[in-house]
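Asks: The whole structure should be built from the sequences, with the hints applied where relevant.
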Amino acid sequence: MSSIAQKKGFGATLWDYLTTVDHKKIAVMYLIAGGLFFVIGGIEAMLIRIQLAKPDNDFVSAGLFNEIITMHGTTMIFLAAMPILFGFMNAVMPLQIGARDVAFPFLNSLGFWLFLFGGIFLNLSWFMGGAPDAGWTSYASLSLASPGHGIDFYAIGLQIAGAGTYIGGINFLVTIINMRAPGMTYMRMPLMTWTTFVASALILFAFPPLTIGLFFLILDRMFGGNFFDHTMGGNTIIWEHLFWIFGHPEVYILILPAFGIFSEIFAIFARKRLFGYSSMVFATVLIGFLGFMVWAHHMFTVGLGPTANAIFAVATMAIAVPTGMKIFNWLLTIWGGSIKVTVPMLYALAFIPSFVAGGVTGVMQGAAPLDYQLHDSYFIVAHFHYVIVGGVVLAILAALHLYWPLMFNQMLSEKLGKWTFWFFFIGFHMTFFIQHFLGLMGMPRRVFTFGADQGWDLFNLISSVGAFFMAAGVIILVVNIIITAVKNVPVGNDPWEDGRTLEWAIPQPVPFYNFKQTPLVRGLDTFWIEKQEGNKEGMTYAEPLSDIHMPNNSFIPFMMTVGLFIAGFGALYNGEKEWAVPVLVLGLAITVASMAVRSVKDDHGFHIHKEDLMNEKGGK
Amino acid sequence: MSHDAQVYVKSETEFNYIKQKRRKDMRGQITTFAIMIFFTLIAFTAVAADFSKYLIAPVILLLAVVQVILQLFYFMHMSEKNHNVPMYFLFVGAFFGFITILTFLTIIWWG
Ligand code: HEM
Ligand SMILES: [Cu+2]
Chain X
1 MSSIAQKKGF GATLWDYLTT VDHKKIAVMY LIAGGLFFVI GGIEAMLIRI
51 QLAKPDNDFV SAGLFNEIIT MHGTTMIFLA AMPILFGFMN AVMPLQIGAR
101 DVAFPFLNSL GFWLFLFGGI FLNLSWFMGG APDAGWTSYA SLSLASPGHG
151 IDFYAIGLQI AGAGTYIGGI NFLVTIINMR APGMTYMRMP LMTWTTFVAS
201 ALILFAFPPL TIGLFFLILD RMFGGNFFDH TMGGNTIIWE HLFWIFGHPE
251 VYILILPAFG IFSEIFAIFA RKRLFGYSSM VFATVLIGFL GFMVWAHHMF
301 TVGLGPTANA IFAVATMAIA VPTGMKIFNW LLTIWGGSIK VTVPMLYALA
351 FIPSFVAGGV TGVMQGAAPL DYQLHDSYFI VAHFHYVIVG GVVLAILAAL
401 HLYWPLMFNQ MLSEKLGKWT FWFFFIGFHM TFFIQHFLGL MGMPRRVFTF
451 GADQGWDLFN LISSVGAFFM AAGVIILVVN IIITAVKNVP VGNDPWEDGR
501 TLEWAIPQPV PFYNFKQTPL VRGLDTFWIE KQEGNKEGMT YAEPLSDIHM
551 PNNSFIPFMM TVGLFIAGFG ALYNGEKEWA VPVLVLGLAI TVASMAVRSV
601 KDDHGFHIHK EDLMNEKGGK
Chain U
1 MSHDAQVYVK SETEFNYIKQ KRRKDMRGQI TTFAIMIFFT LIAFTAVAAD
51 FSKYLIAPVI LLLAVVQVIL QLFYFMHMSE KNHNVPMYFL FVGAFFGFIT
101 ILTFLTIIWW G
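Chains as they are written, first to last, in UniProt numbering: chain X, 1 to 620; chain U, 1 to 111.
Take these hints with a grain of salt, some might be off.
[What the hints assert, rightly or not] Residues on chain U that point at chain X, a partial pick, calculated with CB under 10 Å:
| id | residue |
| --- | --- |
| 1 | V68 |
| 2 | G97 |
| 3 | T100 |
[What the hints assert, rightly or not] Take a look, some chain X residues computed to stay more than 10 Å from chain U by CB distance:
| id | residue |
| --- | --- |
| 4 | M187 |
| 5 | H241 |
| 6 | N535 |
| 7 | N574 |
If you're looking for bench data, these hints aren't it; they were derived computationally from the structure. C-beta atoms are modelled at their ideal positions from N, C-alpha and C, and glycine is treated no differently.
Replies: See below:
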């Protein structure tokens with residue numbers, strides 16, 4: 001077995017990716033698929049801003065507008081931000097803890113395919129009678145009334161994609177609990193690993209309520225259920241609760257990995273140990289925990305009563321405390337460091353003020369009486385874009401530059417990277433800062449147009465111009481990626497020269513078994529410790545060279561997913577087409593049969609022999 | 001992940017220790033099993049004896065909670081070493097579940 005990629009034909013490469021269980025390749029697929037959905041969601045965003053650029057615009061119709069905003073939000077959260085973060089977690093976390101792969105490589109692949117097919121299913125709605133149009137929150141009183149199949153695509157698509165996310169989350173948890181290299185205690189784990197861990201725990205607890213809610217919705221819409229129909233004894237508020245019990249933790253599922261990425265960046269480019277490591281860990285866990293106590297702040301105006309509102313308001317404001325701890329720790333990490341302003345560091349520096357602004361508006365909204373004014377206005381839109389774009393998207397862009405050399409053994413151009421950064425950063429503030437004021441001036445969110453006499457023209461125009469700046473930034477980024485991929489100049493390991501954690505110590509290109517010998521971790525910032533002691537190899541080993549056991553590739557995850565994808569169409573057309581039930585049964589049969597094959601067939605994987613490892617050039 | 005096959009020979013004391021420990025575990029499991037059957041009997045008897053609904057429901061719920069705990073600790077080996085992390089996760093999950101039910105009860109159905 002050779003780990004060095006031989007030149008393979010296109011078919012062979014494709015087959016390799018369809019069947020791979022290697023966390024590094026799955027990471028690349030997450031990145032590509034997530035990136036594609038990011039572009040689709042971005043185009044939808046541009047359509048929204050074009051429509052709102054001037055009053056009484058008829059660029060898109062009101063109905064189409066609703067579909068676009070719904071798909072924009074759903075795509076960005078479920079199909080772009082989360083999968084891209086999953087890509088980075090997959091690429092980096094196993095390397096950081098000194099593991100040869102995740103705990104369940106087969107499930108890792110299954111998780112990816114479920115996400116991809118769920119996303120495709122959702123987006124097919126555009127071509128099959130119209131997209132969902134009840135907002136990304138899909139409140140039941142709206143969504144039950146929505147004609148056509150849009151909402152059905154939403155419910156089934158998210159169910160499939162959500163199963164993938166759930167599987168991925170459990171996989172990360174088990175990996176971090178069980179597969180850390182010797183010496184890698186919990187309190188020596190890099191922050192990227194810690195935040196992956198806590199975000200995965202949030203997935204573990206937050207996705208079941210969403211799954212239940214979506215099943216209720218599917219039953220109500222396609223199988224004659226009445227969970228949310230008050231005329232039949234149901235209750236529409238139940239959807240709102242279930243959605244937000246999931247939804248608030250979900251925003252932390254997004255932001256925690258972003259915190260992890262920035263923690264790595266600050267330490268690397270300030271060339272200092274992360275300030276207050278243990279309080280960072282503590283804050284991460286606390287944020288994760290409190291994230292489950294606050295969901296009703298999205299429902300202050302529903303009429304929960306003053307007691308409930310007060311409890312959730314206080315809990316909401318409490319979250320600002322651990323978040324603030326993190327901000328100060330980052331500031332103190334850069335304080336007195338010898339700072340190198342690379343592209344990732346630029347993003348990190350820009351992140352702090354942007355995210356703080358979003359946090360401050362969050363606390364404002366957390367004050368229930370004030371939220372009666374702010375709720376459902378553009379102020380809310382400004383808030384969540386400040387935290388999501390100013391936090392999560394900046395982190396994704398930063399990580400793209402930071403981890404590109406780790407994943408592809410090439411360096412993205414710093415020069416073009418800076419152009420992207422400035423366009424994006426300026427565009428971002430231009431688009432969303434002004435939306436706070438639109439909100440305060442009374443502009444409601446999710447309206448498809450506004451009147452010329454309402455005094456919102458100028459601010460909306462400025463906001464739309466900002467969106468074009470962001471788009472320009474993203475286009476430069478795509479150009480940057482293409483140029484880099486074509487040039488293909490290998491950069492070797494530790495390209496930033498100041499890598500501190502294990503992933504930077506591995507030789508490039510990373511061998512498919514990651515570590516020839518399992519490393520011994522001797523402290524926080526392992527690689528940095530070894531460098532300080534002049535260890536040229538960058539690692540101390542915990543075991544002698546011996547055979548390595550690796551899992552085989554498998555096509556079964558793909559087949560299992562295809563089955564569910566087919567079954568989805570059966571469920572969708574239930575009661576409408578006579579082929580619906582047979583298709584549903586067929587799809588489920590494919591999935592169950594694939595599972596049976598997996599259970600019955602013994603697959604023990606294979607061994608890489610010691611002798612082969614010793615001759616290996618790529619392994620050193 | 002890479003292991004050369006090794007044969008490990010237990011010493012006499014070790015062997016005795018493990019034997020004793022296993023015996024203790026076994027006794028624990030059988031006792032728990034008996035207790036659980038007893039609980040089930042109580043539940044059925046309570047219903048059969050036609051006690052008030054307001055007595056039966058809480059008693060059965062209480063017994064159920066105790067059973068879950070026994071199940072976790074004796075049959076799913078929660079009491080043994082190295083089960084800390086799963087235990088934290090279970091407790092946290094149970095806590096979140098509890099909060100959810102509590103809010104549903106208080107602000108949807110009773111409120
Ligand atoms: C200090 C921390 C935060 C606080 C106190 C906070 C508070 C709030 C409140 C009270 C609302 C509801 C406003 C309303 O609809 O009337 C809200 C909405 C929202 N927040 Fe935050 N937030 C915080 C951080 C975050 C973060 C980190 C994210 C995501 C990364 C986020 C994402 C969102 C989203 C997506 C919504 C809008 C949901 C919708 O209605 O569509 N928030 N936030
Ligand atoms: Cu929230």
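Asks: For each hint, tell me whether it holds in the structure or not.
Replies: Outcome of the hint check:
1. Hint on U/V68 is violated. Least Cβ distance to chain X is approximately 18 Å, over the 10 Å limit.
2. A cut of 10 Å between beta carbons decides the hint on U/G97: the least distance to chain X is about 9 Å, and the hint holds.
3. Hint status for U/T100 relative to chain X: holds, with the closest Cβ pair at about 6 Å, below 10 Å.
4. No Cβ of chain U approaches the Cβ of X/M187 within 10 Å, the least distance being about 14 Å, so the stated non-interface status holds.
5. Look at X/H241: its CB is around 7 Å from the nearest CB on chain U, not clear of 10 Å, so calling it non-interface is violated.
6. At roughly 22 Å from the closest C-beta of chain U, the C-beta of X/N535 stays outside 10 Å, upholding its exclusion from the interface.
7. The Cβ of X/N574 sits about 29 Å from the closest Cβ of chain U, beyond the 10 Å cut-off, so the non-interface label holds.
The structure does not agree with the numbered hints 1, 5 stated previously, though it agrees with the rest.
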